[in-house]
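Here is how the chains run, residue by residue.
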Amino acid sequence: MKPAPLCVVLAGLAALLVAPPMVSAQAPKKTPTVINPPPTAQDWADIAKLPDWSGVWNPKITDQDAQVKSNPPPWNEVAGKKVEQMFAEEKAGRPRLIFANCLPEAHPSWMLVTHNAMEILFTPGRVTMLGESDGNRIRRIYTDGRGHPEASDPTFHGHSIGHWEGDTLVVDTVDILPQAPLAISEAVGLPNNGDMHVIERIHLAEKDILHDDLEIIAPKILTKPWKTTRIFFRQRARKFDIVEGVCATGDLAERVNAEGDHIFVPVEKSEWGHTTAVPTK
Amino acid sequence: MRQLMKSIGALAAMALLGAGITQVAAHHSASMFDFSRTAAVKGSVVELRWVNPHVTLTLNGSSSAGEAPAEWLMETTSPGNLVRVGGWRRDAIKPGEQVEVLFHPLREEGKKSGLMRQLTVLATGEVFKANIREQEMPGLE
Chain L
3 MKPAPLCVVL AGLAALLVAP PMVSAQAPKK TPTVINPPPT AQDWADIAKL
53 PDWSGVWNPK ITDQDAQVKS NPPPWNEVAG KKVEQMFAEE KAGRPRLIFA
103 NCLPEAHPSW MLVTHNAMEI LFTPGRVTML GESDGNRIRR IYTDGRGHPE
153 ASDPTFHGHS IGHWEGDTLV VDTVDILPQA PLAISEAVGL PNNGDMHVIE
203 RIHLAEKDIL HDDLEIIAPK ILTKPWKTTR IFFRQRARKF DIVEGVCATG
253 DLAERVNAEG DHIFVPVEKS EWGHTTAVPT K
Chain P
12 MRQLMKSIGA LAAMALLGAG ITQVAAHHSA SMFDFSRTAA VKGSVVELRW
62 VNPHVTLTLN GSSSAGEAPA EWLMETTSPG NLVRVGGWRR DAIKPGEQVE
112 VLFHPLREEG KKSGLMRQLT VLATGEVFKA NIREQEMPGL E
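Line by line, the protein sequences are chains L and P. The first sequence begins at 3 in this note's numbering and counts up by one. The second sequence begins at 12 in this note's numbering and counts up by one.
Treat the hints with care, since some could be wrong.
To be verified - Here are the simulated lysine to any residue pairs, SDA-like style, with alpha carbons at most 20 Å apart: (1) L/Lys83 to L/Thr225; (2) P/Lys105 to L/Val258; (3) P/Lys105 to L/Pro281; (4) L/Lys62 to P/Lys123; (5) L/Lys283 to P/Ser47; (6) L/Lys283 to P/Asn71; (7) P/Lys122 to L/Gly95; (8) P/Lys140 to L/Arg240; (9) P/Lys122 to L/Pro281; (10) P/Lys123 to P/Val94; (11) P/Lys140 to L/Gln237; (12) L/Lys93 to P/Asn71; (13) L/Lys209 to P/Asn71; (14) P/Lys122 to L/Lys209; (15) P/Lys122 to L/His213; (16) L/Lys283 to P/Arg101; (17) L/Lys283 to P/Lys140; (18) L/Lys62 to P/Arg101; (19) L/Lys62 to L/Ala239; (20) L/Lys283 to P/Glu82; (21) L/Lys62 to P/Val94; (22) L/Lys283 to P/Gly98; (23) L/Lys62 to P/Ala41; (24) P/Lys123 to L/Ser272; (25) L/Lys93 to P/Trp61; (26) P/Lys123 to L/Gly95; (27) L/Lys62 to P/Asn71; (28) L/Lys283 to P/Trp61; (29) P/Lys140 to L/Val245; (30) L/Lys283 to P/Ala81; (31) L/Lys62 to P/Glu145.
Derived from the structure by calculation, the hints contain no laboratory data.
When you get a sec, could you build the whole thing from the sequences and use the hints?
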């Protein structure tokens, strides 16, 4: 490889010297030429200036329930008819399996309808959300100033970049798989069908109450952006850790075979997802 | 080799279909259960499946005096939620223990199955709750 001219090297060094240190209030800027740089002691010290989001956060499910009626998404005509049918099926006791095959609830449905806990980790240049159930998987929010990639590579949770405005984390997410559902309950939701864009403002509303203010732009199924707030609560005095949850084990029973090996064997499920028979030991 | 793998895959799929097994593990709605009714069954624990996203309990018991004991299958929320809302553990109850279960029955008539809301160990009186929305109540700090 041809060595870089001396002037280019000096210019690079000068740019590093004048670059501002990482601070808690970051504004989006151009994609840096080097990403994932080794964190400095100052980067770690800056983490201490961020708000305390440690601990286990549980979703306020009763508020999710209430918003199904009080704050429905502005579905377009086609989507609205499908949603109406899903409500009817759920009411009749035949709930649609919109999260079948243990696929992730995906973004933003994880935030919207999860019944499980999560924890949030701060490291230099990153905020990471870890769900309790693997149906929720993980969200990586880059706070190092990078932009979204030019080449789209859609995933369940999309590509998220964030910056701090005071104690509020502002997150912008694109490149979400078109198959990812926009769900308002575990039985009602539709594939977003592409071009979904989610903007979030995540902040502490009270000492142990976290709000995720979402604006969801899904032009293939909504007539206009949909705004909703999802609430998570923390119970500091209760000693709870995240419990590992592997969704596929819901299809399986723990057994010991004739050779004495501990194995998993299938159980039977209904088309709506509940367990209908467990093999005897 | 690729052809061999395809053949094995096809055989495995046929075997599953033959066994009547539907592979649809998922987070699912509970609307197949009748929330307007709560019933009780007393019996002997067969197995607690400590699995995600829905724990199951199998027990042998009766829902009313004089009813012949039969096998019942209860479903409930995830291990993590049971730990938080009801103090459950994987070994909270053991096979053979006598318990009483409160549950919302399946809407489908004649099925001995339901959504478990509470379990009481009869020997000790210990109660394990299983309604995740109850953990939102104030005063739990």
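Q) Is the hinted pair L/Lys62 and L/Ala239 satisfied, with a Cα-Cα distance of at most 20 Å? A) holds (18 Å)
(Q) Next pair to validate is L/Lys283 with P/Asn71; report whether the Cα-Cα distance is within 20 Å. (A) This hinted pair holds, its Cα atoms lying about 14 Å apart.
Q. Given the hinted pair P/Lys122 and L/His213, is their alpha-carbon gap at most 20 Å?
A. violated (41 Å)
(Q) Does L/Pro281 sit within 20 Å of P/Lys105, going by the straight-line distance between their CA atoms? (A) Roughly 18 Å separates the two Cα atoms, so the pair holds.
Q) Does the alpha-carbon distance linking P/Lys140 and L/Arg240 stay inside the 20 Å limit? A) holds (16 Å)
Q | Straight-line alpha-carbon gap P/Lys140 to L/Val245, limit 20 Å | A | holds (18 Å)
(Q) Given the hinted pair L/Lys209 and P/Asn71, is their Cα-Cα distance within 20 Å? (A) With a Cα-Cα distance of about 46 Å, the restraint between L/Lys209 and P/Asn71 is violated, given a limit of 20 Å.
Q: Take the C-alpha atoms of L/Lys283 and P/Ala81, compute the straight-line distance between them, and say whether it is at most 20 Å.
A: Distance of about 17 Å is within 20 Å: holds.
(Q) Does P/Lys140 sit within 20 Å of L/Lys283, going by the straight-line distance between their CA atoms? (A) violated (27 Å)
Q) Does the structure keep P/Lys123 and P/Val94 at a Cα separation of 20 Å or less? A) Not satisfied, since the Cα-Cα distance of roughly 26 Å exceeds 20 Å.
Q. Straight-line Cα separation of L/Lys93 and P/Trp61 no greater than 20 Å?
A. Violated, at roughly 29 Å.
Q) Has the given pair, L/Lys62 with P/Lys123, been kept, meaning a C-alpha gap of at most 20 Å? A) It is violated: about 31 Å lies between the C-alpha atoms, which goes past 20 Å.
Hint compliance for this structure: hints 4, 5, 10, 12, 13, 14, 15, 17, 18, 22, 25 and 27 are not met, and every other hint is.
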